[in-house]
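Trainee: The residues making up each chain are set out below.
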Amino acid sequence: MKPTPLLLVGWIFLATSARAAESVDYVREVKPILTHHCASCHGAVKPRGGLRLDTAEAALKGGKEGPAVIPGQSEESPLIAAVLGEGTSERMPLKRPPLSAKEIDTLKAWIDQGAKHPADEKPDRQASVHWAFVPPTRPGEPKVNDGSWSRESIDKFILARLEQANLRPSPEADRLTLIRRVSLDLTGLPPTPQEVDAFLADSGPEAYERLVDRLLASPHYGERWGRIWLDQARYADSNGYSIDAPRSIWKYRDWVIDALNRDQPFDQFVIDQIAGDLRPGATLVQRVATGFHRNTLINQEGGIDLEQFRVDAVYDRVATTATVFLGLTMGCAQCHDHKYDPLSQREFYQFFAFFNNTDEPEVEFATPEELKLRAEIRAEIDAFHKNLVMNHADVLKRERAWESTLTLDYKQALAPELKDAFDRPVEKRTVSQERGLMELFLGQEPSLKQEYAVLAELRRREPKFATSMVVSERQKNRRETHIHLGGDFTRKGDTVRPAVPAVLPPLSADGDKLSRLELARWLVDRRNPLTARVTVNRIWQAFFGAGLVETDNDFGLQGTPPTHPELLDWLATELMDSGWSLKALKRRIVLSATYRQSSKARPDAAKVDPNNRLLARQARLRLDAELIRDAALEASGLLSRSIGGPSVFPPQPDGVMKVGQMKREWKASDGADRYRRGLYTFFWRATPYPALTVFDAPNATQVCTRRNRSNTPLQALTLLNDQAFVEIAHALASRVLNEASQDDEGRVRYLFRLCLAREPSTREAQAMERLLSQERAEGASDDGESAAEDQAWLTAARVVLNLDEFITRE
Amino acid sequence: MNDPLALLQRTRRHFFRECGVGLGTVALASLLGEGQVRALSPSRDERFGSKPGHFPAKAKSVIYLFMAGGPSQLELFDYKPSLQRYSGQPIPDSFVKGRRFAFMDSFTKEIPKLLGTTRRFARHGQSGTWVSELLPNFARVVDQVAMINTVATDVFNHAPAKLFVNTGSTQFGRPSMGSWVTYGIGSESRDLPGFVVLQSGPRGPRGGAVNWGSGFLPSSYQGVPLRSGGEPILNLSTPPGIAPGRQRRALETIGELNREHLDATGDPEIATRIASYEIAYRMQTSAPELIDVGGETAETLKLYGAVPGVPSFANNCLLARRLVERGVRFVQLYHTEWDHHGTPGQTLTGDLEKVCRDIDQPCAALLADLKQRGLLDDTLVIWGGEFGRTPMGEIREHIGRNHHIDTATMWMAGGGVKPGITLGATDEFGFAPVEDRVHIHDLQATVLHLLGLEHTKLTYRFQGRDFRLTDVAGKVVDKLLA
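Chains as they are written, first to last, in my numbering: chain D, 1 to 810; chain A, 1 to 482.
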């Protein structure tokens, strides 16, 4: 039986009075208190006030203000005054919860008994006490009073906390809200009216389960969850920095979509991306997966130190790996030991060593026959160039003369390889650069028209293949890894070998042959306390707006503790026990009563839980940037449902491409490619697609694990006026006019059903009908191109596409 | 709604916390009744989305003239007779040994030689500030200006260096200065973005949008480019074929239906959305009015050398004044191109002269115009690039100068800056500071200070750490303060 509060107080009191007499063991009782509460600011790294409290000796020695502990005199010891808030400084620990009375008494008793401690005490790196560094174990389900609410084990963990706070969960959302919510969450697309009708017509007890299973099996599931993963992979279609040349790595994007669709076990998903190339007998597909770490930026600016930017890319790989899988801010240890977490600078470079011998090739998607054909044609091109020089003795001289007439703008606009030819001495040009320039010269030289025609035909016949950027392990000239003093790669410190941080379990393999493959396996080893927790937390975040650990990218000492630690561990062990099936885990979450709650405001709950951390309701979440486009395309009937392939160019406003240094072209795609889902939009890092960034799509320059959800006038301008959305509104209006019954009422109803999955309320319907009649009074469009009726419905369609509800998952 | 007042208060907090654009209570007023709003809005500033800083500010707005490419201080401001005397001599080894520069390859050929400027220098104004013949108009206003000849930075390639000057870090993902400022103190403009970017010159600045990105801050703080030619703000105009009346009615119905849904769900985010649409609608009027400089007097246009409808740096300087007049907090102008390697288009002769002509008169006009309108006292004007140039020549087709991180010249004026001073001195060749070195982080700390912000306290927690514009460094340069 649990003690009642009153009894508990008495119990503490007894314990306290016993304390003074009882001998206190420093190592077992005192040190954990100091480590837990004090050592993050008063530790080895830049201790505040010069005071360290990570050993007893240090506490006795004290800091700038003198000793913190005076043996035998707890009343006089500044440490005690500080934790009580009675000293000259503010109450310690600063801005953190105070010590419990029991802890303070333990400290007092220890001091009064002479502050005894072992002579050879070493600072504890405090790892053993931080929850996230202890592997999760399967917790039992908590007891709840209301036995009827829960549908899944998840619900018991949520309900137990709600009951502690005297809160009731919210009622289940209505079925229309549910189908729109779960469709958007699992596939990123709103339900069609037919899907809604089918769901409403299914009165069986497992109708919702059937819906969920259909959505999980949809090929669009991989697009929705792939996009979330691509944020973490910092995927984009260009190199970044000032030149921002296009790159080809969409095969990696497609691999992610496919892997998620076939529910590749998450541990294998990780290993393929970190070290697919090192797997025994690695397949082309596994090599493509290593594109994960080729999404780093490439600086092609003139005059750079290539090594500097290579090292920058490796830094990024370290930081990204630690953030995505471990939820650790390891990047902080690049210049110095981590200030809060037990990660030393040496450990940062040991981790860095795993990635320091990667090369950066591309793979080609060609059959052996195609490769053979290409080799033959290239031999012919080779012969062509040799003959050209032989037959026209002055051609090189003429080409050089032509070069000297070129303007800077012309050179800047060339492909990077050719542009580079002008940034180096002529004698240092590569053969391919020389030939490339010669071919440009031929193309504009009337007297060599015939020769050019021969060449152009060869070039036309030369097979071209899709390529994808991948990582491979360097075999020759392997690099030694040094600590970079102060994070400066030109200041080399000690040599280090690959290793993982000591605070985490060791690698299974050891010895000299440690590679990314061992690292990848270690990331998903059951003993790793972080990867599964971090992963389930991000999934939770996608379904509820915030993770159980709110700082999803910091599970270290500065992160927020989990709101439901047992649930986090339950989910983490569930993921691993299910063979790392992401679909199985998501299924459990969306089937839970917690997930199915209404998202309506709960003033009663907000009083005790203003940020809804206890989940007495679902959250209203504005859709991600890509999904806003997808939902609009789907509602209008324009959406192309094809999956994968090279990125596409939907219409965007004029002038977007002007802001970069290089003038890149944006020619809007025609046909179905004009209406592809948002994740297929070509993403230039220097000039990103505005309708994506305005809705908080990340800029793909570094890992993004959680997007902002801002709410700005520029978003309003985009939905109201952007050409792409106006085009969609036109299509939506025609669809309503063509497909719905002929009366306004039926059409408004259909418009709402297409966009919001529900029918309008009476007041909403009245507002729409008022709008329609006013619009009709305005007559035909100014340019006379569109009839009054079309114009009226265009306005109506624009209104619904601009509703807050339309861009929100309720 | 059960409790509109509570909702309003919460929403207002949300506005002031989350929205960098000039969100005000005006939109809310129409939502919830003017009277209630007044009762909650004691100060004028707060009504317009402006927030108090850490202490009273000297400057209310910033106009930052970013000279993209890295202007040569040795041709413009930092007068070095010794460099001219020893021109053509190899630079003493002690200066360059063990150092890294851009285009290092060229160093392996021969030891770089000192390059004296061919430009004539003179002292100007009562302050006796050195300015070269390349900036004759600017030379007439130097008594308003604090010249800083010792600005040091960390990185020597264009894109990372621009990022560093703008965000205090060479790593991507950090907010730019304008984002930090609008995050810190909001904006006084009701119907224009708080952080506006203008561009001129033959191409955009390297790195593009990251230069005015909001990094991990909400995207509402990111710089909004006002475009020259076409629409000033992307998607500002009502789409072709849609009459203004239809747009207005659409907005009215959107507002009505959103209010219905706000009642049904009680989510204050919807109130913000309603306000966003009202402000967007006002921007459709205010932004075209802003960029139409046709209403300026002929005298003013002549002062700047601006021609209505013709994009130029001069036009942008005039727009910058109009923006700060309207309460916009941070205006950043980029002008390319200031790279002087000695290649065609980048010479220290004709090309430098051209870019100097582009900016000389408008810079002088901007200071004079701000002053005569009484705006200079609370408008901070900053001029500078991402790094300086080497005292050694760089031999390409012509002789130019390489990128240089040790020192560069920047100037500031107005907004609490001490006028008519020259801060800092470099060695005899102008290679490095010998007194009063001002690192970029110091400059950033000083800019924030002038705006009433303590740079160590303007922080944002991200990935478990409190980040700031000045990273882990920066000291306010007291000598620059009036």
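Derived from the structure by calculation, the hints contain no laboratory data. Take the hints with a grain of salt, since some may be wrong.
Calculated cross-link-like contacts (lysine-lysine; reagent style DSBU-like; alpha-carbon spacing at most 30 Å) [claimed, not checked]:
1) K457(A) / K411(D)
2) K58(A) / K354(A)
3) K428(D) / K397(D)
4) K58(A) / K64(D)
5) K339(D) / K386(D)
6) K663(D) / K354(A)
7) K64(D) / K354(A)
8) K464(D) / K449(D)
9) K492(D) / K457(A)
10) K113(A) / K658(D)
11) K419(D) / K64(D)
Residues from chain D that keep clear of chain A, each with C-beta distances beyond 10 Å, as calculated [unchecked claim]:
12) P135
13) V285
14) D305
15) C332
16) S472
17) P506
18) P653
19) N708
20) N711
21) L794
22) R798
Predicted model, so just to flag it, every value in this text is computed and none were measured. Don't be surprised by glycine CBs; every beta carbon is placed ideally from N, CA and C.
Trainee: Please write out, lowest number first, the hints stated earlier that are contradicted by the structure.
Mentor: 1, 2, 4, 5, 7, 9, 10, 11, 14, 15, 18, 19, 20, 21 and 22
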